[in-house]
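On the provided structure of chain V, position chain F as indicated by the hints.
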Amino acid sequence: MFCRSLLLVAAVALPVLAESTPKFNPIQKKWWAIQTVTAPQPPTVDAAGQQWVRNEIDHFVYDKLKAKNLTPAPLASREVFLRRVTLDLTGLPPTPAEAQAFLSDSKPGAEERLVDRLLASPRYGERWGRHWLDVVRYADSDGFKQDDTRPNMWRYRDWVIQSWNEDKPFDRFIKEQIAADELYPGDAKALPGLGYLRLFEDEFNQANIHLRRQELLNDLTDNTAYAFLGVTLACARCHDHKFDPLLHRDYYRMQAFFANIKIDDGAPVASPAEVSAYNEKMARYKAAAKPVLDQIDALLAGPRAAYRKEYIERFPEEVQVVIRRDPAQRTPMDWQIYHKAITQVEVEDSLVVSKKGTADVKAQYQRLLKDLEQFKPLLPEPLPVAQVMRDQGMDAPPTHVLRAGAVDAKLEETAPGLLSILDPAPATVVAKPELNSSGRRTALANALADPKNPLTTRVIVNRIWHYHFGRGIAGTPNDFGLMGDRPSHRELLDWLTATFTGADGWSIKKLHKRIVLSATYRQSSDFRADAAAIDIENKLLWRYPRRRLEAEAIRDSMLAVSGLLDRTMGGPGVFPSVPAGTEIQEGRHWRKSRGDADEYRASVYIFARRLVRYPMLESFDAPLAFESCGRRQETVTADQALELMNGQASAKFAQALARRVGNDPGQSQESLAERAYRLTLGRAPTEGELKRSREFLTAQMKLAGNAQGALEDLCLNLLSSSEFLYID
Amino acid sequence: MVGLAGLLNAQLGPKAPHFPAKAKRVIFLFMHGGPSHLDTFDPKPRLIRDHGKPLPFKRPLTFAEGSTGNLLKSPWEFRQHGQSGIPISSLFPEVAKHADDLCIVRSMVGDSVAHGGATLQLHTGSNTFTRPSMGSWVVYGLGTENQNLPAYITLKPGLSHGGAKKWSSGFLPAAYQGTAVGLGGVPIDKIAEPIEHLKNYGLTPEQQRYELDMIQKMNRSAAARWQNDPELEARIQSFELAFRMQTVAPEAFDISKETEATKKLYGMDTPETSDFGWQCLMARRLAERNVRFIQINHEYGPGNEVGWDAHNELIRLHTRTALQVDRPIAGLLADLKARGLMDDTLVVWGGEFGRTPIAEAGDGRDHNPYGYTIWMAGAGVKKGFVYGATDEFGYYATEDRMHINDMHATMLHLLGLNHENLTYSYGGRPFRLTDVAGRVATKILA
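If you read the protein sequences in the order shown, they are chains V and F.
Numbering of the first sequence is given in my numbering, commencing with residue 1 and proceeding in unit increments.
Numbering of the second sequence is given in my numbering, commencing with residue 1 and proceeding in unit increments.
Please keep in mind that the hints were generated in silico from the structure rather than gathered at the bench.
Just so we're clear, the structure is a prediction, and the values are computed from it rather than from any experiment.
Glycine residues also receive a C-beta, built at the ideal position from the N, C-alpha and C atoms.
Don't take every hint at face value.
Said to hold, decoys possible - Per the computed footprint, the stretches of chain F lying under chain V, defined by three or more beta-carbons under 8 Å from a beta-carbon of chain V, are: (1) 87-95; (2) 191-202; (3) 217-223; (4) 239-251.
Unchecked claim - Some chain V residues judged to face chain F by a derived CB distance under 10 Å, without partners named: (5) Lys-242; (6) Lys-290; (7) Pro-291; (8) Asp-294; (9) Gln-374; (10) Lys-376; (11) Pro-380.
If we strip away everything but chain V, and leave its shape as in the complex, we get (with noise of 0.2 Å):
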């Protein structure tokens, strides 16, 4: 049955509200997941087990197969080990000369030696940099109605993908998310990170502000529940979980941390001394433009005042009231209102100019605008910024538990503190005056990051494993509650968690080193009746889990094989032409492609609007950015044949790719087959292959009438099938 309906039966029955000890029933009390962590020590094997096991991993893996009694597959070629490692952490398949390499490599250490290189490519970043950006509902856009664009989100998209390459400790990565400004002052590298807490979807223009304020704040309140603790917090806004020992009280609680947050859309990436050499320069250039600035000050005074009186008066009365009020008088509430709402009031002066200027005013205000451009030089060049969310003070508005997550029905008030289920007390907060923040989010930081909290460490543990096998441990990465998936190797993961918080010092990389170079993980794919008559899930994992490639990865290695992929990192969204017929408009929601530079990026660069995603991501299960997603789906439609047989996309690859194979006059079709085989799928044809390629190249020459068009469907062909398609 549904939450809402719930609520009301529950709140008749019990004022659950009114207690101030929590109470949890045994169940929730023994949920698996807030259990403290254990070591477990691997389980000792057999003779026939020890054979087949390479690390920790495995003996936990052999040891519950055994119970069932199922054996491990063998490992996989070498061949496939490459492929699969290799587009499992870089997005993309071996080159020819890779392969080689590796192939070619008896030495012992050959597999250690290749995952360390793979880890070390900044294509590790921008693939695992984008899992990330999926739990955290990353975009370049508002949402909503309007779904503006936000200018400058992309650099928190580029530090995510620098963190992951740089195996930036996970709890570092937590806390400068959630804390940068307070935990790391000054650090221009650490700052971008706090974007994670400006990834709500919004309408900067609501009239409404006590409600746009508690919409945001409940949209970071779950995502945070979701990303760190892999909790479904959300579904206590209204009442007490109905399953987990989550209160409603609770949500407010984790709300309370962010309660004093306000938008930076300006925030300097850059040292303190950078910043006051700008702020110098630009005090000497507003001297100097002194009185050309007072002429458009003067000028303006009457617009900009019109401008403010009609969009104040937009505005609910209580809003109003807030805006009027002495500054001295406002409590930390009306700052938050008013930080809203002073961007609809307070906006650039060509807008101010445009909506409320005279055609004389106008006129002369474009002349002022000359004037100034004599003092142009003196200006300093732009500061980079982010756009973030930070403090608006010292002190805090309060929060109160909130009726049916109704904002005008205010329940007792709440101090800012973790689940009740894990530590009941109020969090210690220490405010910090230097800064002028309140230190709510230093507290929130250290808990989400501190290495006994239960949930943070498994849930990303999980997480990694998730994405190397396409299921969790435990198999829904954003539940870890009692309705989502019970893990099917529970010690395994908190010996995996143990150690990543121990040992490995919360490096994600040592963790996927672990993983990928277990015998576990090197399991050939194959089928076994004998095995699936048991564990048809594959849960036990008996074999490695064949599954296709999320959507960035198939248009990367689409890209990379067809030697058209731009390996530029970093910097704003760019946007591939959009095939015709689409939802996307050119100018609306897209700017229009500006050749190579917006063409060939890796997809994790695509421009990321909420409202229409890239038509190729979209049909290939691209999350949309409302919510975070912690497994994507995976689909099979008609929609994917027509996007790599009919798209325009996939028939640019095609093009490059026949252009790549064929570069030397005077191949014969066998030898075009062959390298067209072996840089798609990095293998040689078989000699069935390699006769219907043959076949295939003869007859379509005779359809098309020239031998390059027969060449790029071969290649189409091979972009499209299944062997690409998948990670085996």
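Just chain F, lined up with the frame of chain V:
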């Protein structure tokens, strides 16, 4: 065999309804902007009597706070039509000829006074969250009997007020997403391709068939090597389906073989009605081809200005907008009947809300979600029937209130789906189109 019973089919193959029902598909005529019920299907003599007087009770929240005035009578005359004698205003002379087929609901209620929330709620049941659209739910529940065409098509949708959320599958699998054909504001002759990637620009059909055979050989050998992988079987099927769609879909969207008489019936012979007429004719063609959920949109845009959203100049704007849709809709009803499609098609007409009995800016009307009119026709609903009522000013629904959630519940019921059982588990709980609400309006069932 895994093939046909495989994944692809599990997602989109026809599924049995929860119980037998007459309606197999829906044509939803969306009147974006909010047509005035007071000037179309809900006559209010009291407004004539009290024209120019203040509203005698406290005005609820409106959209245009501050610029609303006194009561405004309808500038159009209402007359009784057909055997049923249902009153319809002179704005809809052609639709009025079908009065005896209509089931008019005069007691609709929604929760939002602004377009964004109201439009989202009409399409998804929720005015705040991102949820699957009603068409996606229907296709999730019933699948489709024609896999050669998309199961859910929305014709010329607008991108304002929710954009693609209006036909999004939300958290349901992407297979249930609506396919947009054309866009609101873009003339029909500018629709380059009805569906993206439907055309191959390089190959002849013969070459492409040959190419496809090669892909399929590759995929079959992969499937043979990688035994027992239902996904690979489904992928093979998906290519065959895509190939068939390439021939079937362009034929479905090609109206050149329709007779001049038919085109005229839909109003494709005059510039005012040709655009909406094209949509209505297309809807009939898609209905014939068993597309499950078809939406026709009258949108804001060049030539339409603000559509039904007459905050001022009610007379000019409603006259023009009604003219654009009246003949095409009547043509659609007549044609569906003539072809026997009315027996298993449910037609629904309505906007995101109605309009206020008080004037805005002197000669317009503001948004009114508290009581307004939609109508249904066709499979499973009573004919020549009026359900529910608003108060004597037409402000609030007072009898047999039908909330948007109730309308969704009723629509699903007419399709043989129990709205409480059509659920999808997501984020730790089951969801449904009607969330925690929704009652079937049993009185309108035929």
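Check: Would the stated hint for Asp-294(V) survive a check requiring a Cβ distance to chain F of less than 10 Å?
Finding: Violated, because the Cβ-Cβ distance from Asp-294(V) to chain F comes to roughly 37 Å (cut-off 10 Å).
Measuring from the C-beta of Pro-291(V) to each C-beta in chain F, is the shortest one below 10 Å?
Constraint on Pro-291(V) not satisfied, violated at 42 Å.
### Message
A closest beta-carbon separation below 10 Å is what the hint needs, so does Lys-242(V) meet it against chain F?
### Response
holds, 8 Å
Practice prompt. Tell me if chain V covers the region 191-202 of chain F under the three-residue, 8 Å CB rule, please?
Written response: With 12 residues in contact (Cβ-Cβ under 8 Å with chain V), the coverage given for the region 191-202 of chain F holds.
Quiz item: Is the hint on Lys-376(V) kept, meaning its closest Cβ partner in chain F is under 10 Å away?
Solution: Hint violated; Lys-376(V) Cβ to chain F Cβ min 39 Å, cut 10 Å.
Worksheet entry | Interface restraint verdict for Pro-380(V) against chain F (beta-carbon cut-off 10 Å) | Where the cut-off is 10 Å and the nearest Cβ of chain F is about 39 Å from Pro-380(V), the hint is violated.
Practice problem: With a cut-off of 10 Å on the beta carbons, see whether Gln-374(V) makes it to chain F. | Solution: The hint is violated - Gln-374(V) has no Cβ within 10 Å of chain F, the shortest such distance being about 43 Å.
Has the region 217-223 of chain F got at least three residues whose CB is nearer than 8 Å to a CB belonging to chain V? holds (count 6)
- Query: With a Cβ-Cβ cutoff of 8 Å, does the region 239-251 of chain F contain at least three residues near chain V?
  - Reply: Coverage by chain V holds here, the residue count being 6 at a Cβ distance below 8 Å.
> Measuring from the C-beta of Lys-290(V) to each C-beta in chain F, is the shortest one below 10 Å?
Replying inline: Because about 41 Å separates Lys-290(V) from the closest Cβ in chain F, which is outside the 10 Å limit, the hint is violated.
task = With a C-beta cutoff of 8 Å, work out whether three or more residues of the region 87-95 of chain F approach chain V closely enough for the coverage to hold.
result = violated (count 0)
In terms of the numbered hints stated before, the structure departs from hints 1, 6, 7, 8, 9, 10 and 11, listed from lowest to highest.
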